[in-house]
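Participant: Protein chains in written order, with my numbering: chain A, 20 to 65; chain B, 82 to 392.
Honestly, the hints are just simulated from the structure, not real lab data.
Backbone N, C-alpha and C define an ideal beta-carbon position, used for all residues, glycine too.
It is possible that some hints are incorrect.
As the list claims (entries may be wrong) - Simulated restraints on C-beta separations:
#1 A:G39 with B:I337: 37 to 47 angstroms
#2 A:L56 with B:L196: 39 to 49 angstroms
#3 A:G57 with B:P101: 28 to 38 angstroms
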Amino acid sequence: MELTPEEKRKLSQRNWALAGMLVAFVILVFVVTLVKLGGNIAQRAM
Amino acid sequence: MNAAVTASGLEGARASLAGPSDYLALLKPRVMSLVVFTSLAAMIAAPGSLHPVIAIIALICVAVGAGASGALNQWYDADIDAIMTRTRTRPVPAGLISRQAALEFGSTLALFSVLTMAIGVGYVPALLLAATIGFYVFVYTMWLKRWTVQNIVIGGAAGALPPVIGWAAVTGNAFDPAAWSLFLLIFLWTPPHFWALALAGSDDYARAKVPMYPVVHGSRATRNQIMGYTIVMTGAAIAPWALGYFGPVYGMAAAIFSLGFIVLAAALWFSPAATERRDALRLFAYSILYLFALFTAVAAERLVGLSPIAV
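If we strip away everything but chain A, and leave its shape as in the complex, we get (with noise of 0.2 angstroms):
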């Protein structure tokens, strides 16, 4: 099937989003690890 210009910006436009949202979870992820090991290691027996 061959898509006119138009489809293909969408197609780009969505593609670019779900990049930047796979982005967003992935940094989301590793600031969650940073906090809750942080908050962990402070609250550990010395």
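Starting from the structure of chain A, add chain B where the hints point.
Facilitator: Using the frame of chain A, we list chain B on its own:
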């Protein structure tokens, strides 16, 4: 269900022309803003503290979970949305996003929001979020909406849970009476809020065969119900202050804004046919301001140190 949409050939049509903004519209961002705000206010008011990053993640999960519910609602109700003037430009009935895509998008977001809440914030708020999404999709959208005139009364429980989620994100407790007093406030606020909108657009609901109160029982009975619920809601709005859950800032806001609500509900109750639609829309708009005002008071009171809740 949805035979009209399938028969009209909307299924999958022009799906490739949907942009990110169409998927955003699928999340009903305006509804999302009220949900996030009530959750945030409860989070601020709740006893205890939460790391700011975890608080932001909890709010993102609530927002995405609410958005997922909206997407799944639009997947199931595509046939109704295509008939109603207010909703027929939504991405699914407009043919921009297929029903299948809306279902997959909504389900994925629902799953991710609950799992992220469980991992990042806690199991109690995650369970409450899952219950909220499940109640909205399975109980309200699939069961009550097309079946009973009490659809939005019972379904209102889904919209009333976000403050309990916010509260539980801080305390880890799902059964705090102060949090459930906020639930009760939104639960009793929902009927006058929605029925005011339904009064203004009852032809729309009648065409779509949705048994909203004005469609089934007419304008006079609906206005009686709005008046009755407004009085009961006022009691529920003042009770958290009287019971000592919230302090004088909240109590003042509840009294003043509830008085405004009663005045507008009474104006609608006395309204002649010629001005009924105008008065109904006025009450609908005020009801949104009302909820924002009361939850702003809940949060502000804590921020200025006047909350009776122990930190």
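Participant: None of the hints should be skipped; say for each whether it holds.
Facilitator: How the hints compare with the structure:
Here the CB-CB span from A:G39 to B:I337 is close to 43 angstroms, well matched to the stated 37 to 47 angstroms. Against the hinted window of 39 to 49 angstroms, the Cβ-Cβ separation of A:L56 and B:L196 comes to about 19 angstroms, which falls outside the hint. Roughly 34 angstroms separates the CB atoms of A:G57 and B:P101, a value that falls within the hinted 28 to 38 angstroms.
Checked against the numbered hints above, the structure breaks only hint 2 and satisfies the rest.
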